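Starting from the given sequences, assemble the full structure and let the hints guide the process.
Heads up: the protein sequence lines correspond to chains L and W, in order.
Quick note: the first sequence uses our numbering, first residue 32, plus one each step.
Quick note: the second sequence uses our numbering, first residue 463, plus one each step.
Source of the hints: derived by calculation from the structure; they are not laboratory data.
Here the structure is a predicted model, which means the values were calculated and not measured.
Don't be surprised by glycine CBs; every beta carbon is placed ideally from N, CA and C.
Incorrect hints may appear among the rest.
Calculated from the model, a selection of chain L residues having no Cβ within reach of chain W, i.e. all distances over 12 Å [to be verified]:
id: 1; residue: R100
id: 2; residue: D111
id: 3; residue: V166
id: 4; residue: P206
id: 5; residue: Q231
id: 6; residue: R278
id: 7; residue: A287
id: 8; residue: P307
id: 9; residue: R310
id: 10; residue: H329
Derived contacts from chain L toward chain W, CB cut-off under 10 Å, selection only [to be verified]:
id: 11; residue: N128
id: 12; residue: D141
id: 13; residue: L143
id: 14; residue: N211
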Amino acid sequence: MNTSAGATTDGIVAVGLRKSYGDKTVLDGVDLHIPQGTVFSLLGPNGAGKTTTVQILSTLIPADGGEARVAGHLVDREADAVRSAIGVTGQFSAVDNLLTAAENMMLVADLLHLPKDEGRRRTADLLARFDLTDVADKPASTFSGGMRRKLDLAMTLVGRPSVIFLDEPTTGLDPASRRNLWDIIQDLVSDGVTIFLTTQYLEEADHLADRIALLDGGRIVAEGTPDELKRRIPGGHIRLRFADQYRFENASRVLAEAVRDEESLILQIASDGSIPALRGLLGRLEDAGIDAEELTVHTPDLDDVFLALTGRRKAGPADEAAHSKKAAKEFTR
Amino acid sequence: MSTSTYAVRDGMTMLRRNLKRMQRYPAMTVSVVAMPILMLLLFVYVFGDALGNGIGLDTASGARKEYTNYVAPGIILMAATSCAVATSVAVCMDMTEGIINRFRTMPIARSSVLVGHVIGSVIQAMISLVLVIGIALAVGFRPNASLVEWLAAAGLLALLSFALTWISAAIGLGSQTVEAASNTPMPLTFLPFLGSAVVTPDSMPTVLRWFAEYQPFTPINETLRGLLLGTEIGNDAWTALAWCVGLALLGFLWARSLYSRTAKH
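What follows is the structure in structure tokens.
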């Protein structure tokens with residue numbers, strides 16, 4: 032299902048967006064090109080300018096320079112046309128805590144000038160889709176963080192937007208709620224909606240996005256599909272550890288390209304870590320009759336991309352470190 | 463539908479939202495109404511006799527009784543000012559919560575958020591005024607106003623509430639925290655005291671007397687007193703109206719400029 036904007040329209044286009052607060056430059060010439068019906072993720076550390084970008088594109092604040100079109104309309108001069116096409120779920124939950132879930136939904140429906148019964152129908156459908164039917168008549172103030180975020184997104188969907196901005200939608204959610212929200216986002220994409228997602232979680236961008244841009248210091252420092260970005264990063268390798276000096280020396284004659292670590296009897300071979308590469312490598316060892324003690328595959332993930340391009344490790348909450356650190360897959364034998 | 467029809471419709475939607483919020487969060491309304499009522503009881507039963515004699519009212523029928531009539535219009539004004547605090551807090555709470563950014567990214571009439579607040583607050587003020595006047599009648603307030611005078615008094619109070627509400631909406635928009643939004647309008651609550659609400663300005667020191675004569679609440683108070691009790695109004699009515707309209711315009715322009723400028727989150 033494609034929205035009225037049509038398949039030929041770009042979801043979001045921006046050229047040279049600039050914004051500064053006082054003498055602090057937040058955005059320093061940001062270009063974006065996001066086709067309709069795709070998920071684009073803007074990734075960056077705190078203070079990189081992610082939220083500012085969302086605020087400009089969603090008509091909340093004006094840019095100091097540059098031009099942006101969302102759903103085919105200029106964000107500054109055709110703000111109301113843009114607003115009719117977009118939905119925004121920000122970092123801070125945009126629900127009225129004193130109203131019930133259903134009242135919050137109806138408030139949005141009324142503001143969109145939907146007929147009452149149509150508003151009620153969409154409210155019921157969306158609350159059911161987000162598992163909130165049982166709490167429809169409870170005030171939002173009694174909701175957990177995950178429920179509130181779901182209600183927030185449900186309210187955003189009442190107007191059936193063709194472009195949705197999700198500004199760090201899963202920040203502060205527990206892993207189960209996060210997974211749940213990811214499923215919802217993927218459903219939306221299959222309906223042809225364009226999604227602009229900002230996140231601090233590399234795993235999230237990897238999981239959801241068609242294209243990723245890395246924002247650092249107000250500039251886009253890299254852009255591409257998750258795979259393209261990972262390919263740009265050297266550092267994928269296979270590590271082989273041997274039981275003794277004899278095997279180590281033999282193996283290093285067979286695998287002449289390997290980097291030697293004599294002290295720990297480890298050979299490190301640059302590789303993308305794919306199955307054929309692994310099979311080839313093990314085949315060569317087998318032919319020479321050498322046993323390796325331990326094999327470790329290290330594939331670069333977005334963490335490595337981030338590190339390589341911004342020069343610093345993405346600082347996430349402590350519990351996130353374990354969560355997104357699937358870099359080293361160990362195969363011990 | 464035209465843009466202006468949408469503006470009215472959006473304003474009404476926001477008004478319904480604010481009325482619902484007032485029902486769900488009655489603590490604010492209660493404190494706003496309780497304050498003038500406590501002041502009324504304090505001035506009638508604690509200070510009534512002394513102040514009635516002190517400002518030289520005709521005490522043939524009892525100083526407290528006469529003083530109740532003297533102080534009631536001032537207390538009624540205080541009820542209007544005390545609602546201003548609630549408006550300021552409500553607006554500030556709205557601005558510091560995420561929902562305002564949702565409204566800003568929807569194709570709705572720009573004015574509707576503030577209009578909803580202002581009309582809601584005026585309704586709240588009128589309800590609280592009815593309560594305060596009811597209690598004043600119960601403790602011995604004896605107005606002699608005709609129906610027309612009552613209607614004129616209601617109109618004046620509605621206009622005053624409207625003006626104060628715009629001012630306090632602007633204060634709420636300009637406040638960074640809810641605490642600040644609650645404290646900043648406080649001086650408004652006390653302005654009637656520095657006029658002719660509690661005692662006649664004649665009994666004050668020179669500087670204060672000068673202030674009392676020229677501040678907005680004195681002519682408003684005297685007009686209200688005149689309408690309800692038949693005392694001399696004179697030019698006070700026009701001065702009172704001019705103040706109310708002026709304050710409303712000032713508050714409206716101030717609030718509008720703050721609203722279009724701020725994009726907090």
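Subject >> Interface hint outcome for N128(L) [beta carbon to chain W under 10 Å] >> reply: 7 Å, holds
Subject >> Q231(L) non-interfacial with respect to chain W [C-beta, more than 12 Å] >> reply: 17 Å, holds
Original post:
So is H329(L) really clear of chain W, every C-beta pair being over 12 Å apart?
Top reply: Nearest chain W Cβ is 40 Å from H329(L), so the label holds.
Original post:
Once the shortest beta carbon distance from L143(L) to chain W is found, is it less than 10 Å?
Top reply: It holds, given that the least Cβ distance between L143(L) and chain W is near 7 Å, below 10 Å.
Original post:
Under the criterion of a CB-CB separation shorter than 10 Å, is D141(L) in contact with chain W as hinted?
Top reply: Since the shortest Cβ distance to chain W is 4 Å, the answer is holds.
Subject >> Non-interface claim for V166(L) versus chain W (Cβ beyond 12 Å) >> reply: 16 Å, holds
Original post:
Does the claim that A287(L) lies off the interface hold, with its Cβ farther than 12 Å from every Cβ of chain W?
Top reply: 58 Å, holds
Original post:
Holds or violated: is the Cβ of P307(L) farther than 12 Å from all Cβ atoms of chain W?
Top reply: 49 Å, holds
**OP:** Grab the minimum beta-carbon distance between R100(L) and chain W and tell me whether it stays above 12 Å.
**Re:** 16 Å, holds
Original post:
How about N211(L): closest beta carbon in chain W under 10 Å, or not?
Top reply: 20 Å, violated
Subject >> Whether R310(L) stays farther than 12 Å from all C-beta atoms of chain W, as the label says >> reply: Check passes; 52 Å lies beyond 12 Å.
Subject >> Non-interface claim for D111(L) versus chain W (Cβ beyond 12 Å) >> reply: With a cut-off of 12 Å, D111(L) comes too close to chain W, as the shortest Cβ separation is near 5 Å.
Violated hints, listed in ascending order, are 2, 14; each of the other numbered hints is respected by the structure.
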